[in-house]
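Colleague: The primary structure of each chain is shown beneath.
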Amino acid sequence: MKKFAGLIIRSLAIAVVFGAVGLSVNMLSSKALPLVYVPPPEMEISGVKVPLVNEHTARTYFDDGETSFLDTRKPEDYSESHVKGSLSLSPDDVTEAFPDVQPLLPLDNRIVLYCYGPECDMAERVAGFMISMGYKKLVIMSAGLRPWEAAGYPVDGSRARERHQKQGHGAHVQDRKPARGEN
Amino acid sequence: MKYVVLGARLLIGALFVYASIYKVFDPASFAGSVRNYLIVPSAWSNLIALTLPWVELAAGIFLILGIETRPSALLTTGMLGMFLGAIVYAYSIGLDIDCGCFGSAAGSSGRIGLLTIARDSSLFLASAFVLLMDRGDFSISAILGSRFRLLNA
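Heads up: the sequence lines are chains A and B, in that order. Under the working numbering, the first residue of the first sequence carries the number 1, and numbering increases by one thereafter. Under the working numbering, the first residue of the second sequence carries the number 1, and numbering increases by one thereafter.
Any given hint might turn out to be false.
Some chain B residues judged to face chain A by a derived CB distance under 7 Å, without partners named [as the list claims (entries may be wrong)]: (1) P27; (2) L38; (3) S42; (4) S45; (5) T51; (6) W54; (7) L75; (8) A128.
Hints listed in this document are in silico derivations from the structure and should not be mistaken for laboratory results. We put the CB at the ideal spot given by N, CA and C, even for glycine.
Using the sequences provided together with the hints, build the complete structure.
Modeller: In structure tokens, the structure reads:
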């Protein structure tokens, strides 16, 4: 028992000492990171400022009738689950797929783009394309779909429908006011 | 048996050194990988990215050299268990993200999947094997000790 406690203490000592080394190196670095990460409020894409919002702010846009959601993940993941009423536009085939969704995306609509998570760059890449097509009111839901689902906000797709059937009622699948341009 | 332990020790040590290098030099990218897992609050991601890679590097070097072998093996086993848990969690909730194991989030170190789970499980077992079976053979102190004994004889 004493031997085991000694082992843990020596392990912790290594972790503390070298963790402190890491923090000291960061303090001396010219590109020092802040110890507490604060997400940036916006990013600039092709000269356009695109706000980065969390799922709660995105939810406030959801049923205002002037917002379209754009899922930039792979189409197979979109089929499984997506923000209810969102359209699929993945960066890999954005040029080919855009004409299909363009009629549903009026230029003056607010477009909320999302992908898998905070560091996923797919929403950013599609935003760049949308800007080149003349869209200006773009917003990126930076944490991606997962926190939206976790918050119980409206989703659709095969997984949501499966859950709906199992529960026998409409869990998480709520109606929304369609955005302009959507049927 | 001691050669098997030595092999596992060197393997885990070398992998930890290799995996920690990019994280030590590019903590911002690693912080991005940490945030992608959606496990810890994103506010903590920088602190983790600034400290964990140095612990990985130290544990890896210590394992290779045989300095504080068992405490280092406890650290590598604990970290591998933690990484494995994070990958299994991310996989189970369907996150399609880069594992951030040996490269940046934007790099190509491999999407999480059954292969990364199998790889991390094997490494976890190898590290636990070193932790349980290492008897101090081929460590720096053992090698230096035998040299001194020869000189004093």
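Colleague: All the hints need checking, so say for each whether the structure fits it.
Modeller: Consistency of the hints with the structure:
Below 7 Å, beta-carbon pairs count as interface contacts, and P27(B) has one with chain A at about 6 Å; its hint therefore holds. A least Cβ separation of about 6 Å between L38(B) and chain A falls short of the 7 Å threshold, and the interface hint therefore holds. The interface hint given for S42(B) holds, since its Cβ lies 6 Å from the closest Cβ of chain A, which is under the 7 Å cut-off. Satisfaction of the interface hint for S45(B) is found here, the shortest Cβ-Cβ separation to chain A being roughly 5 Å, below the 7 Å cut-off.
For T51(B), the shortest C-beta to C-beta distance to chain A is roughly 4 Å, which falls under 7 Å, so the interface hint holds. Checking W54(B) against chain A: minimum C-beta separation of about 4 Å stays under 7 Å; hint holds. Satisfaction of the interface hint for L75(B) is found here, the shortest Cβ-Cβ separation to chain A being roughly 5 Å, below the 7 Å cut-off. Interface hint at A128(B): violated, since its Cβ lies 13 Å from the closest Cβ of chain A, which is beyond the 7 Å cut-off.
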